[in-house]
Each structure stands twice: as C-alpha cells, then as structure tokens.
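Peer 1: Can you build the whole structure from these sequences, using the hints too?
Single-letter residue listing:
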Amino acid sequence: MKIQLNNKIKAALTTISIALFLILVFVGDNVISSGSSWRMLITVIEKGSIFALVAASMNLLNGFTGLFSLGQAGFMLMGAYTYAIFTIPSASHDAVYQYFGGGIIKWSIVEVLESKIGVVGHYLGLFIPIIFAGILVAIVAYLIGIPVLRLKSDYLAIATLGFAEILRAFFQWNTLGPVTNGSNVLRKYTTYHSAIFPVVIAGICITIILLLLNSTYGRAFKAIRDDEIAAEAMGINLFKHKELSFVISSFFAGISGSLLAMFQSTISATPFTTQMTYEILLIVVIGGIGSISGSIIGAFLFIACSEWWLRGLDSGSWLGISSDLMRSGFRKVIFAIMIMLVVLFYSKGIMGDKEFSWNRFVNWWLTRPQAIKNWPNKLKSKLVSKKKARMAKSDAKARLKQEKADSDYKKASGTPLFTPLPISDQVIVFDKEGK
Amino acid sequence: MLAIRDLNVHYGGIHALRGIDIDVPDGKIISLIGANGAGKSTTLKAIMGLVSKSTGHVYWDNTDITGMKTKDIVNSGIILCPEGRKIFPDLTVDENLSVGAYLRKDKVAIAKDREIAYDLFPRLAERTWQLGATLSGGEQQMLAVARALMSKPRLLMLDEPSLGLAPLVIKDIFSVIQKIKEEGVNVLLIEQNAKAALDISDYAYVMESGVISMAGSGKALLSDPRVQKAYLGE
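Those protein sequence lines, which keep their order, are chains A and B.
Following the numbering used here, the numbering of the first sequence begins with 1 at its first residue and continues without gaps.
Following the numbering used here, the numbering of the second sequence begins with 1 at its first residue and continues without gaps.
Calculated from the structure, these hints are not laboratory results.
Quick reminder that beta carbons are idealized off the backbone N, C-alpha and C, glycines included.
Just to be clear, a hint being listed does not mean it is correct.
Stated by the list, open to error - Quick list of in silico lysine-lysine cross-link-like pairs, PhoX-like style, CA-CA up to 25 Å: (1) LYS171(B) with LYS240(A); (2) LYS401(A) with LYS171(B); (3) LYS354(A) with LYS378(A).
What the hints assert, rightly or not - Across the chosen pairs, the derived CB separations fall in these ranges: (4) GLU182(B) with LYS8(A): 45 to 51 Å; (5) ALA125(B) with SER37(A): 54 to 60 Å; (6) ASP106(B) with MET391(A): 41 to 47 Å; (7) ASP72(B) with SER92(A): 42 to 48 Å; (8) THR128(B) with LYS332(A): 15 to 21 Å; (9) THR273(A) with ASP61(B): 44 to 50 Å; (10) ASP61(B) with GLN275(A): 54 to 60 Å; (11) THR128(B) with ALA11(A): 19 to 25 Å; (12) SER76(B) with GLY162(A): 39 to 45 Å.
Peer 2: Following this line, the structure appears as structure tokens:
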C-alpha cells in the first residue's frame with residue numbers, strides 16, 4: 001500500500017526536520033567538549049555541508065547541464081585564497097607574509113567594515129568576503145568559459161582540469177608572493193565562531209541552486225543536456241546557457257572554497273589537486289548524477305567515512321579488529337572496494353536522478369522489513385548470468401511487439417482477436433513466463 | 001512567406017545544396033521529397049541557421065534572415081521539428097512543452113497554447129507527467145510537433161514526421177498537420193513517404209543530390225510518371 005502525504009504535512013515535516021537539525025548542530029557544538037570522540041560528529045557536519053555545496057555545484061554542471069567539467073577544485077582554491085587574503089587582520093600581516101615583507105595588501109575587509117559601521121560590520125565581515133570571493137571566481141570562470149565551453153565531453157573535461165591546475169600553480173607562484181604568500185600557508189584570517197555558520201550558508205546556497213533548477217533556466221539546462229540540437233532548434237542559445245551554468249556553478253564552488261578556508265583556519269594550495277576534484281566527482285556519482293539531494297547525502301556519507309568511521313583502518317584497529325594490514329593508506333583500499341561495489345550494484349547512485357520526497361521516504365521506510373526478508377533472493381537474481389537476463393529482455397520485447405500488433409489489428413478490424421474468456425468469480429493469475 | 005534564393009551549403013568538401021530556390025507561401029502545405037542524402041534536412045537546418053550557408057539568401061516576410069542567430073529566427077516565427085523526433089528524454093511531457101515556449105514570456109498565452117496542444121493530441125494530455133523517454137514512437141512524434149507549436153510559429157517545418165512509425169499512427173499525424181494548416185500556420189514538410197506527403201500538400205518540390213529537380217502541385221506530382229517510378233514504386 002502506498003501512502004500519499006498532503007502538502008501541508010510535507011511542508012511541516014520539512015520545516016521541523018530542518019529546525020531540529022539546526023538545533024542539534026547548535027546544541028551539539030556548544031555541549032560536546034573538544035576532547036570527546038563525538039566532537040567528530042560536528043566536524044563531519046561542518047565539512048560535510050561544505051562538500052555538499054561544492055558537490056551540488058558540480059552536479060548543476062555535470063548532472064543538469066551535461067557539461068563534463070573537472071575544474072571544481074581550482075575554483076574552490078581560488079575562493080579560499082580570495083577569502084583568506086582579504087580577511088587577514090592588518091596586525092597579523094607581518095607574521096603571515098614573513099618572507100614577503102608583510103605583503104602588499106595592508107587591510108582586511110572585516111576591519112574596514114568594523115571601522116565604518118561597528119559591530120554590524122563585524123558580522124557583515126563574515127558574509128561579504130565570502131560573496132566577494134564567489135563573485136571573483138565567477139568572473140574568472142566567465143573568462144575561462146569563453147574558450148573552454150566550445151569544447152564537448154572529454155575535451156571539456158581535459159581543458160577544465162588543465163585550467164584548475166594552472167590556477168593552482170598560479171597561486172603558488174613566487175612572484176605573486178606579496179599577495180598569495182607563494183607556496184606558504186595563509187593563516188590568522190577571520191573565521192566563523194559556530195558550526196551552524198557553514199551549515200546555514202551551504203543550506204541557503206543549495207536552496208538557490210534548487211530554485212534555479214526548477215525555473216525556466218533549469219529546464220533549458222536540462223534540455224541542453226538531453227539534446228543540444230533540439231534545444232538549439234527551440235531557440236535556446238547554447239553558448240549563453242552553458243556559460244551561465246558554468247559561471248553559477250563556479251560561483252558556488254568559490255563560496256564553498258571560502259567556507260573550507262574558514263573551517264581549516266589555515267589554507268595552502270597544495271591539497272587542491274585533481275584528486276580533490278575526483279573526490280567531489282565521487283560524491284556526485286555516489287549520490288546520483290542529476291540529484292541535488294543525492295549530492296548532499298553523498299557528501300555527508302563520504303566525509304563521515306573518510307574523516308571518522310574508517311579512520312581506524314589507517315591506525316591499526318577498526319571495530320575491534322586489529323591487523324598488520326591496517327596501516328596508513330589502507331582506508332583508501334577499502335574505499336576503492338566500496339566504490340566498486342557501488343558502481344556494480346548501485347550504478348545510478350543512492351538517489352538516481354530523483355530528488356528526495358517525503359512520500360518516497362515514508363514508503364521506502366515502511367517496506368524495509370519486507371525488503372530485508374527478500375534480500376537473499378534479490379542478491380541471487382542480481383548474480384544470474386547476463387545471458388539469462390538478455391534472453392528475458394528479448395522475450396519481453398517480442399511479447400510487447402506481438403501485443404502491439406494485436407491491438408493495431410483489433411483497432412483496424414474492429415473485432416477482437418480472441419474470444420473472451422468465460423466469466424467466472426475466480427481471478428486468473430498469470431505468472432511471469434506467461435503460462 | 002518564406003523564400004529561399006540560390007542557397008548553397010558545403011559540408012567540408014561536399015557540396016550539399018547546389019543553389020536551390022524554394023517558396024513557401026502563406027496558408028499552404030509545401031513539401032520537399034527526395035531520396036536519402038538529397039539535402040532535404042540540410043535545407044531545413046540551413047533555414048534555421050543550424051548549419052552555415054556558403055552563399056544565397058533566405059527571406060522571411062521580406063526581411064533577410066540569412067545571417068540571423070537561431071534564437072532570433074525562432075523568435076521571428078519559424079520553428080523546426082527535427083528529424084528523429086529529438087524530444088528531451090529526461091524531461092516530462094509538460095516540461096518538454098515548456099521548453100518549446102522558451103522564448104516567450106507571456107504566461108497566460110503560453111497556458112492557452114498548452115491547452116490547444118493537448119486538445120490537438122489528447123494522447124499527450126493523458127501523459128503530462130510521463131518522461132519523454134517512456135513514450136511510444138508515435139507519442140514522441142506527437143510531442144515533438146506539440147513542442148514545436150508551443151513557440152507559436154507562423155511557419156512549422158517538419159523533418160520526416162513519419163520516420164519509423166506504424167501506418168495508422170502516420171495517418172493520425174498527417175491529419176493533425178492538416179489541422180495545423182487550417183489554424184493558419186504555414187507548413188514546410190520533408191518526407192520520404194512521398195505518397196502521404198503529396199496527398200496533403202498544396203505544392204511540392206522534388207530534390208535530387210542537392211538540386212531541385214521537379215516541382216508542381218501535390219496532385220500533379222502524384223500522377224507524374226517519373227515521380228511514380230522513382231518515389232512511389234509504381
């Protein structure tokens with residue numbers, strides 16, 4: 001039996017769960033002491049929401065506009081640096097830029113705002129540099145997009161990957177040291193005070209992405225993904241919309257980069273390699289290409305595994321098992337195996353291309369006991385040889401064809417093909433073989 | 001009306017259209033028939049600005065639209081319903097229609113046209129929430145035509161609407177095409193199914209390897225022995 005919830009209940013459930021989540025994060029952040037092992041939960045939520053945002057932005061590009069782009073880490077890096085450079089307090093400049101004579105930017109956005117409008121400026125100082133970083137990244141993405149977006153599929157991926165690497169090298173360039181501190185870390189910049197901050201910012205940004213996807217622009221993006229020629233024939237300007245999607249995606253990648261800078265409290269260009277892009281891509285694939293809620297779930301799962309649940313695999317003992325195998329790097333082996341399993345059995349990811357809905361969730365939950373009972377059978381049927389599956393498929397096709405031919409004949413001649421079965425109270429059930 | 005004058009198109013080294021002239025007067029169904037590779041689809045793509053033209057002009061209501069962008073051409077009232085249907089498989093029927101009305105801003109008129117489209121194809125009205133990919137071939141073709149109509153065109157160009165469809169479905173589609181003409185939309189039709197196309201068209205052009213080889217009213221061409229031999233299999 002399927003349960004259908006009405007819109008009021010759904011809205012109430014959404015509001016309540018969001019409010020509960022925020023309260024839990026807020027209370028947890030203040031109650032759990034930094035020594036407790038549950039502190040990891042807060043870290044996972046902070047970092048998870050940052051990666052949820054960047055995964056959603058990548059999904060906008062790869063899953064909804066059909067542009068296979070791998071430049072996300074580069075844009076994150078740029079967002080992080082822009083944020084850090086413009087929020088280092090002037091008192092700390094000499095310490096941070098010790099090899100570059102205190103740098104050439106001698107002010108910070110936060111201080112300028114504080115001196116102009118006081119306490120309000122201090123809090124605005126948390127938001128404005130983030131948005132500033134996003135806008136700067138968007139402008140750079142616009143310029144990169146002009147040549148790059150004329151490419152298609154794999155070539156686009158290669159070009160964006162290249163640009164991301166160029167950005168990384170650029171920020172480490174010694175000549176730019178007075179601005180970027182060369183290959184040294186940036187630190188002592190302003191960060192947020194509560195774990196709720198990245199959660200709320202990421203939440204707002206993801207909501208904006210969702211609203212965009214449900215607008216006319218979102219439909220145009222999906223149309224381009226489905227069929228470029230048809231989309232162009234409908235009057236959609238291909239280049240303009242690809243550029244738009246690229247710029248918006250980069251904007252949010254920049255914002256998540258600046259959140260990451262705040263989260264880590266020191267930032268250097270070294271970790272923003274292609275591997276980071278692949279990790280984001282992994283989140284998108286595990287969550288489901290074309291599903292924003294999938295990206296969110298994927299991000300939290302990925303971060304929880306890599307930061308928390310699977311940590312023990314690197315340090316010798318995990319879930320009470322200890323082995324010589326479990327040394328630094330073993331976590332990645334297990335991760336690789338898990339990814340293979342996901343690709344083999346869940347090739348569409350956790351959510352496929354569907355978004356989260358309360359109806360589906362409630363029904364999914366109610367069918368769990370039955371599903372667990374059926375699980376051995378399902379596994380068996382998954383392992384059935386491909387030949388059998390193919391045969392079944394062609395059988396079904398032939399049957400469909402026959403049915404269609406029958407119905408066409410019926411329509412054309414007006415007479416039924418078969419005499420109807422004698423009417424009885426009994427229900428006749430045909431099994432799958434059609435016997 | 002649409003007028004094509006001395007249009008030439010090259011694909012790399014191939015001279016696909018060799019100076020063709022076509023007129024599509026108002027209130028008529030004009031069809032373009034011919035074998036595979038004769039250049040029929042190229043003609044339509046060239047009109048829409050989807051392939052670049054070497055020389056020649058396309059006039060639409062006495063303005064030269066030769067060098068215009070596709071979106072401006074769509075805005076001026078010409079729409080192409082592309083070959084092989086090319087509906088958006090991962091969008092619902094309703095969303096497909098919305099994309100068709102992409103360049104229009106007037107929500108009330110769009111809603112009205114949506115209803116007209118559903119009236120024209122009741123099969124689609126039953127399937128508004130179905131994904132494009134899950135429709136049958138005939139339904140997909142209906143969707144492609146309905147989507148094209150959503151831009152409120154004054155010239156509808158159909159590229160092989162009968163491709164891969166059952167005879168009964170083809171009949172349905174062609175009767176709708178006639179209905180569309182009666183609504184005041186000009187139709188330029190490309191077909192390999194020469195008989196069906198000539199039956200409903202007011203005037204037709206026959207194309208052979210990039211040139212117009214014959215032209216005449218639908219009835220005249222139907223009874224022409226050369227057409228019968230080459231395209232009607234008689």
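Peer 1: Each hint should be assessed against the structure and marked as holding or not.
Peer 2: Evaluated hints:
1. LYS171(B) with LYS240(A): Answer violated: LYS171(B) to LYS240(A) is near 40 Å, above 25 Å.
2. LYS401(A) with LYS171(B): Status holds; Cα separation ~20 Å.
3. LYS354(A) with LYS378(A): holds, 22 Å
4. GLU182(B) with LYS8(A): 45 to 51 Å: Taking Cβ atoms as reference, GLU182(B) and LYS8(A) lie about 47 Å apart, which means the hint holds.
5. ALA125(B) with SER37(A): 54 to 60 Å: Because 59 Å falls inside the window, the suggested range holds.
6. ASP106(B) with MET391(A): 41 to 47 Å: violated, 53 Å
7. ASP72(B) with SER92(A): 42 to 48 Å: violated, 55 Å
8. THR128(B) with LYS332(A): 15 to 21 Å: violated, 47 Å
9. THR273(A) with ASP61(B): 44 to 50 Å: 57 Å Cβ-Cβ, so the 44 to 50 Å window is violated.
10. ASP61(B) with GLN275(A): 54 to 60 Å: holds, 58 Å
11. THR128(B) with ALA11(A): 19 to 25 Å: holds, 24 Å
12. SER76(B) with GLY162(A): 39 to 45 Å: holds, 40 Å
When each numbered hint is compared with the structure, violations occur for hints 1, 6, 7, 8, 9.
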